[in-house]
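Chemist: These are the residues of each chain, in order.
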Amino acid sequence: MRPNPRSPLHGGPLVHVVLITATLVFAFPFYWTLVAASRSNAELSSASPSLTPGPNLLHNIGAALEQAAIGDALLNSLIVAATVTAGVVLSSTLAGFAFAKLRFRGRGLLLAVTVATMMIPPQLGVIPLFMVIVRLDLQNTLPSVILPSLVSAFGVFFMRQYLVQALPDELVEAGRVDGASLLRIFRSIVLPAARPGMAVLGMLTFMATWNDFFWPVVALSSQNPTVQVALKSLGQGYVPDQSIVMAGTLIGTLPVLLVFGVLGRQIVGGIMQGAVKG
Amino acid sequence: MAITSAARLPAADPAKPRARRAGRLAPYGFLAPFFVLFAAFGLFPLLYTAYVSLHRVELQTTDRMDWVGAQNYTRLLADPFFWNALRNTFTIGVVSTVPQLLMALGLAHLLNYRLRGRSFYRVAMLMPYATSVAAATLVFAQLFGRDYGLINWVLGQVGLSPVDWQAGTWASQFGVSAIVTWRWTGYNALIYLAGMQAIPGELYESAAVDGASRWQQFRHVTVPGLRPTIVFTVVVSTIGATQLFGEPLLYEGNAGGGISHQYQTLGLYLYEQGWSFFHLGRAAAVAWVMFLLIVVLALLNAAIAARRNRTDR
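Protein sequences appear in the order of chains C and Y. Read the first sequence against the numbering used here and you will find it ends at 278, with the numbers running on by one and no gaps. Read the second sequence against the numbering used here and you will find it ends at 1313, with the numbers running on by one and no gaps.
Isolated chain C (complex conformation) (with noise of 0.2 Å):
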């Protein structure tokens, strides 16, 4: 969403001033996270702690590489979350185009099915879909945490939102007359078209599923975990070593925090806009 041009308010230094209060509370943890990340769990455990960064980073990744699989950790999550970001946006942009675009019997139905779901958090079906996943033979493996996430209700009503603006129909129409097939209009004019859409899709999507959480939990053990699963191991030993537990953590976040770093204005601009239509 582009700024209003129009906006009629100026700040002054007092909005900066709280501006950048908040930037700094929202900040502090990361920072926090790196500092506990580079002490020694001595230093963590003294009644002054150090407010800076110390000298024991590398020493504490590689022992929380050892101790919660960390390695192999990333490595799933990276797997869980590229195909599933694959198979959401393909599928997304599929639904949402024929949603968007095309007549057919028990559209508006369906629309209203799929649009209705989104309020039902999926956390409700947990029990019946462990059972699936059991009977599957499908536990403790990848695909059980792939599966279920594979296509997305939000997924198909954002693209569709973003269709019904982003493609005109006159271009589908001139597809048609011109004799080409709906999946050839689907590759050359649609595809196209949907690409600013799929490129936000995707990121939202490999976000939420490399931080996902619940589901995960249960359907993976600590020992093929993803690198959430990892986190919660590398929390729950007897005593945990803070430091490793921290190192642990910033080594889980900092993936996502590039990916944010990088696209971060346009994350930014994706939520806004799906709000608006939301």
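If you are wondering where the hints come from, they were derived from the structure by calculation, not from laboratory data. Where is the CB? At the ideal position from N, CA and C, for every residue including glycine. Wrong hints could be hidden among the right ones.
Stated by the list, open to error - These stretches of chain C come out as covered by chain Y in the derived footprint (C-beta under 8 Å, 3 or more residues):
hint : stretch
1    : 11-17
2    : 35-46
3    : 54-66
4    : 89-97
5    : 160-168
6    : 190-201
7    : 254-267
What the hints assert, rightly or not - Have a look at the derived ranges for each label pair, beta carbon to beta carbon:
hint : chain 1 : residue 1 : chain 2 : residue 2 : range
8    : C       : Val164    : Y       : Gln1157   : 19 to 27 Å
9    : C       : Val262    : Y       : Thr1074   : 30 to 38 Å
10   : C       : Ser45     : Y       : Pro1224   : 49 to 57 Å
11   : Y       : Arg1308   : C       : Leu171    : 51 to 59 Å
12   : Y       : Asp1164   : C       : Ala199    : 53 to 61 Å
13   : C       : Arg103    : Y       : Val1098   : 42 to 50 Å
14   : Y       : Pro1099   : C       : Arg195    : 14 to 22 Å
Position chain Y against the provided structure of chain C, taking the given hints into account.
Modeler: Then chain Y, alone, in the frame of chain C:
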């Protein structure tokens, strides 16, 4: 609209009737990948939960289901820990949602000013949203540590006595709420900001001409214009709060939600029933109760919003 005219296209070609039928079915082909998986892993589990909740099912033998009728529900209602979890879900939900949305509204208002560095601020506000529940909770649990936590150290520096952020009921619920608030305030601020930018600038101008102060503009132009967005965030936050799970699970690292279950939420109680005590049937009953709770809360929200609208106009 123009799309429906496929049937009007010239049908001289003898192959056309077949092509036309294929054309009519094609939309379903586009929907199939979504709906097949959605039905199997989204809709079916949701509905089947109700059926499971009427059976005894143990975690180790999920293929064996014995009909027990409403027993899972009666046991649930007789379990003080269920009521405890319900109460905690409510108090944590209020403590984490109300201040969060108010702060988000204020921040959005500031972010809506014409400012140098506005996109920097927006990205900064959203950073916590990019972290996972697990990472955020582990960091906050450390900050809230009783003996060596930074927050208690700061309290000590200003002459206050340390707080037991884990054992105390209110203190621990405040700690869990702080994690939720930290992660979601910026996100909601952006949603509000999007809503504010849809309010026409002329409204502010004419309010200013009428001599309205900034605070009056905020109250009489911004807030009413934002009402649908506010209802949306309240509903979404309520649903989120109802199923709070990761934060209380990792705050101290056990499914009980503290030594005396002082911050055990319904989500955590469900997990404990199913995966600590192996009673999947009972866990399904909890899930169904949570579902009903969400429906009631959503209807309540809608009713309040509708009434507000009527009294306004």
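Chemist: Evaluate each hint against the coordinates.
Modeler: Evaluation of the provided hints:
1. 11-17: As far as the stretch 11-17 of chain C goes, the hint holds, because 3 residues have Cβ atoms under 8 Å from chain Y.
2. 35-46: holds (count 4)
3. 54-66: violated (count 0)
4. 89-97: With 6 residues in contact (Cβ-Cβ under 8 Å with chain Y), the coverage given for the stretch 89-97 of chain C holds.
5. 160-168: Check failed, 0 qualifying residues.
6. 190-201: violated (count 0)
7. 254-267: holds (count 7)
8. Val164/C - Gln1157/Y: 19 to 27 Å: Violated - the Cβ-Cβ distance for Val164/C and Gln1157/Y, about 56 Å, lies outside 19 to 27 Å.
9. Val262/C - Thr1074/Y: 30 to 38 Å: The hinted range 30 to 38 Å is violated for Val262/C and Thr1074/Y, with Cβ atoms some 54 Å apart.
10. Ser45/C - Pro1224/Y: 49 to 57 Å: holds, 52 Å
11. Arg1308/Y - Leu171/C: 51 to 59 Å: violated, 42 Å
12. Asp1164/Y - Ala199/C: 53 to 61 Å: violated, 47 Å
13. Arg103/C - Val1098/Y: 42 to 50 Å: Cβ of Arg103/C to Cβ of Val1098/Y: about 45 Å, so the range 42 to 50 Å holds.
14. Pro1099/Y - Arg195/C: 14 to 22 Å: This hint is violated: roughly 40 Å between Cβ atoms.
When each numbered hint is compared with the structure, violations occur for hints 3, 5, 6, 8, 9, 11, 12 and 14.
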